[in-house]
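Q: Chains as they are written, first to last, in the working numbering: chain A, 39 to 423; chain B, 39 to 423.
Simulated from the structure, these hints should not be mistaken for lab results. Among the clues, some could well be false.
[To be verified] These stretches of chain B come out as covered by chain A in the derived footprint (C-beta under 8 Å, 3 or more residues):
| # | stretch |
| --- | --- |
| 1 | 113-122 |
| 2 | 136-150 |
| 3 | 197-204 |
| 4 | 215-229 |
| 5 | 395-403 |
Here a beta-carbon is modelled for each residue, glycine too, at the ideal position from N, C-alpha and C.
2 protein chains.
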Amino acid sequence: MTRAKRRTRAPGQALPQPRARTGAERDSSPTPAERHVERIVLAHGGGGELTNRLVAERIVSRLGRPAGPLTDGVLLRALSATWADAKGNGGAAGRQPLVFTTDSYVVTPIEFPGGDIGRLAVAGTVNDLAAMGARPLAISLGLILEEGLTVDSLDRIVASIAATSEQAGAPVVTGDTKVIERRGDPPGMFINTAGIGVLHPRSQLGLDRVEAGDVILINGGLAEHGLAVLSRRAGIGFETTLRSDVMPLWGMTRRLLECGASVHFMRDATRGGLAGVLADICDATGLSIEIDERRLPVSPAARGAAEMLGLDPLAVANEGKLVCVVAAAGATRALAALRAGPEGTHAAMIGRVHRAAPPLVELVTLGGGRRIVQRPYGEDLPRIC
Amino acid sequence: MTRAKRRTRAPGQALPQPRARTGAERDSSPTPAERHVERIVLAHGGGGELTNRLVAERIVSRLGRPAGPLTDGVLLRALSATWADAKGNGGAAGRQPLVFTTDSYVVTPIEFPGGDIGRLAVAGTVNDLAAMGARPLAISLGLILEEGLTVDSLDRIVASIAATSEQAGAPVVTGDTKVIERRGDPPGMFINTAGIGVLHPRSQLGLDRVEAGDVILINGGLAEHGLAVLSRRAGIGFETTLRSDVMPLWGMTRRLLECGASVHFMRDATRGGLAGVLADICDATGLSIEIDERRLPVSPAARGAAEMLGLDPLAVANEGKLVCVVAAAGATRALAALRAGPEGTHAAMIGRVHRAAPPLVELVTLGGGRRIVQRPYGEDLPRIC
C-alpha cells in the first residue's frame with residue numbers, strides 16, 4: 039500500500055479548524071454522532087498525522103491489509119517474470135517475483151518548469167517500483183480529463199508520457215480515458231498510473247534491514263520539484279531558474295543494486311521531502327538518524343526560493359530523488375554508483391543511522407548546532423504532485 | 039488498452055456545438071491553427087466517434103501501441119502465475135500468463151440504488167479481467183477524495199470496496215489516497231483501480247475467433263445500472279424500484295469457460311450498452327449480428343424507466359452484464375453455465391452472428407420488423423460509470 043501522498047494548502051489559505059473539544063475528548067476517536075459531520079479536509083492528504091490516521095484507520099485496516107509501515111508498492115511472490123531484460127542480460131537469475139504499485143497525480147498547474155503531470159505520472163510510478171528494487175515492466179494509464187482542456191495541452195502531456203515511458207523503459211500497455219465536467223480554471227486533468235515491476239535478483243530491501251552504522255545517501259539537490267511547481271502556482275508565482283527534478287530513476291537504482299554495496303532500504307523523497315522519509319525510517323526502526331547540513335545538496339536557487347517562501351528544503355517534495363540506506367562498508371562504492379549517471383551527478387553521503395533513544399532525526403547545522411527534523415505536518419505546501 | 043469509457047451529458051444540457059466548417063473541411067483533421075483552440079468536451083468521453091478518434095489518434099498511437107481493436111486489458115505473456123486457486127484447484131495447468139487492466143470511475147452520485155462507486159470500481163476491473171478470461175489476483179486502489187466529503191461517506195465506500203473485493207476474490211493489495219480542492223456539490227470522489235489477473239488455461243478469446251453461426255448470450259436484464267444511476271441524478275431523479283446490476287462476474291465467467299462450450303469472445307456491456315459491444319464486434323470482424331427483441335431480457339421496470347426518459351435499453355450502461363459469443367454447438371451448455379448462479383438467473387440467447395454485407399447489427403422487433411442497431415453516439419446519458 040503506497041503511503042498516502044501529501045496534499046496540502048497554499049500559504050495564506052485558512053487552515054481548517056478542528057471543532058473544539060474538551061480535554062477529555064481531545065485524544066479520543068470521534069463518537070458516531072460527531073463522525074457523521076466530520077469531513078475530509080485538504081490536510082487529510084497532507085501527509086501528516088491526519089493523513090496517516092485516515093489511511094491506516096479508515097482505509098488500509100478495513101481492506102484486510104496487514105498493519106505495519108506502508109511501502110511504495112507490494113511484492114507479489116506468487117507472480118513472476120524472468121529477470122532477463124530486453125537484451126537478455128540477467129537471464130541466469132531465472133524467475134523473480136513481481137512488484138505492483140499505484141499512484142494518482144493531481145498537480146496544479148499541469149505544466150511547470152522542468153516537467154508536467156504526464157512525466158510525473160510515469161516517473162513517479164517507475165520510482166516507486168525502483169525504490170522497491172524492481173525493474174519496471176508495464177504501466178497502466180488512467181486519464182481523467184476536464185472538459186475545456188485544450189487538445190494542444192493534451193497532446194503535449196501525451197507526448198511527455200510517451201517520452202518518459204521510453205526513457206524509463208516502462209511501456210504503457212493498457213489505459214482508460216474519462217472526461218469530467220469542467221470545474222477548475224484553467225481546466226486540468228488527473229492521472230493514475232499503476233505499475234508492474236520485476237524484483238532485481240540482488241534486491242533485499244526492507245525497513246527491518248536498516249541497522250545502526252548504516253549510511254544515508256541521496257542522489258542530488260533537494261526541493262527542486264516542489265519549488266518549481268510553486269513558482270507557477272496562481273497567487274504564489276515568482277521568477278526563478280529552478281526546474282523540477284522529475285526523472286525516472288530505475289537506471290541509477292540498478293547501478294546501485296549491482297555495485298556490490300549492501301543496500302538496506304530505498305525510498306523516493308516525494309511529498310514530505312527528505313524529512314518525511316527519514317522520520318518514517320526512525321518511526322519504523324526505533325533507530326535515530328543524524329544528517330549533516332554541510333553535506334546536504336541544496337542548490338543556491340533552491341535555497342533562495344525556499345527562504346523567500348519560508349519553507350524548509352528538507353520538507354519540500356522531490357520527484358527525482360532517492361534516499362538510500364546502505365551498509366557503511368560499501369558506502370563509497372554506492373556513492374560512486376549513484377554518481378555514475380546523470381541522475382546522481384550531485385549525489386552525497388548526508389548522514390548515518392545510530393542507536394539513540396528516543397528515535398529522532400537530528401540535523402547538525404552549518405554552525406555546528408543541532409536541531410530536530412520533524413515529519414512535516416503537511417501544511418507547508420500547496421499540492422505539488 | 040481499455041476502450042474509452044463513455045461519459046455523456048444529462049438530457050437537457052446543451053450540446054457542445056462544433057465550429058462551423060465548410061464542406062471541404064468537414065471530414066479533414068484540424069489544421070494546427072484550428073487545433074490549438076480545440077478543447078476537450080464531454081462528448082470526447084461519450085464512447086462515440088469523437089471518443090474513438092481521441093483515444094486512437096491522440097493517445098494510443100502516440101504511446102507506441104499497436105493499432106487494432108481496443109480490448110478491456112492486455113495480455114502480458116512474459117509474466118505469469120500458477121493457475122491454481124487458493125484451494126489448489128487447477129495446479130496441473132502450470133504457469134499461465136497475466137492480464138493487466140485499468141479503469142477510472144467518476145460516477146455521480148457516488149451512491150445509487152444497488153451500489154456505489156466503490157463497488158463499481160472493484161466489480162468493473164474484475165469484469166474487465168473476466169472478459170479477458172482471467173481470474174483476478176490483485177487490485178490496486180487509487181482514491182481521489184474531494185475536500186468536504188463526509189467521513190461517513192468515505193467509510194461506506196471503503197466498506198463497499200472491501201465487501202466487493204471479498205466477494206470477487208480480488209484483494210486490494212496496494213493503493214494511494216489524494217485529496218483535491220472542493221469543486222462539486224455535494225463533494226464526491228474519483229477512483230482508479232488497476233487489476234492483475236491470470237489467464238484461465240481454457241481461455242482462447244479474441245475478436246478474430248468470432249465466426250458466422252456463433253450464438254450471442256447475455257446473462258440477464260439490460261440497462262439497470264444506467265437507469266438506476268439516472269434515477270438519482272440531480273435534475274433527472276425519478277422514483278423507481280430499479281437497482282444497479284453492478285456485480286463481479288468472475289465466478290460466472292469461470293463456469294462458462296469450464297462448461298465445455300467453445301467460448302470465442304466476451305465483453306462486459308458497460309457504457310454504450312449492448313449496442314456498443316455488438317457494434318464493436320461487427321466493426322472488427324466484418325460479420326453481421328441479428329438479435330431478437332423477444333429474447334432480450336429487459337425487466338418491466340427498466341423498460342418503463344427507459345421509455346419515460348426516451349432511452350433505448352440496448353444503449354444504456356450495465357455493470358454486471360457480459361456479452362458472450364460462443365460456438366453454436368455448445369450454446370445450450372453455455373446458457374446453462376450462465377444460469378447456474380445468481381449472476382445469470384435471467385441469462386438468454388439473444389442472437390447470432392452471420393455473414394452479410396455490409397456488417398450491421400439488426401434487431402428483429404416484437405412485431406417482426408427489423409431495425410438497425412447503431413453504436414450510441416454517446417449523447418444519450420449522463421455520466422454513469
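Q: Please write out, lowest number first, the hints stated earlier that are contradicted by the structure.
A: 5
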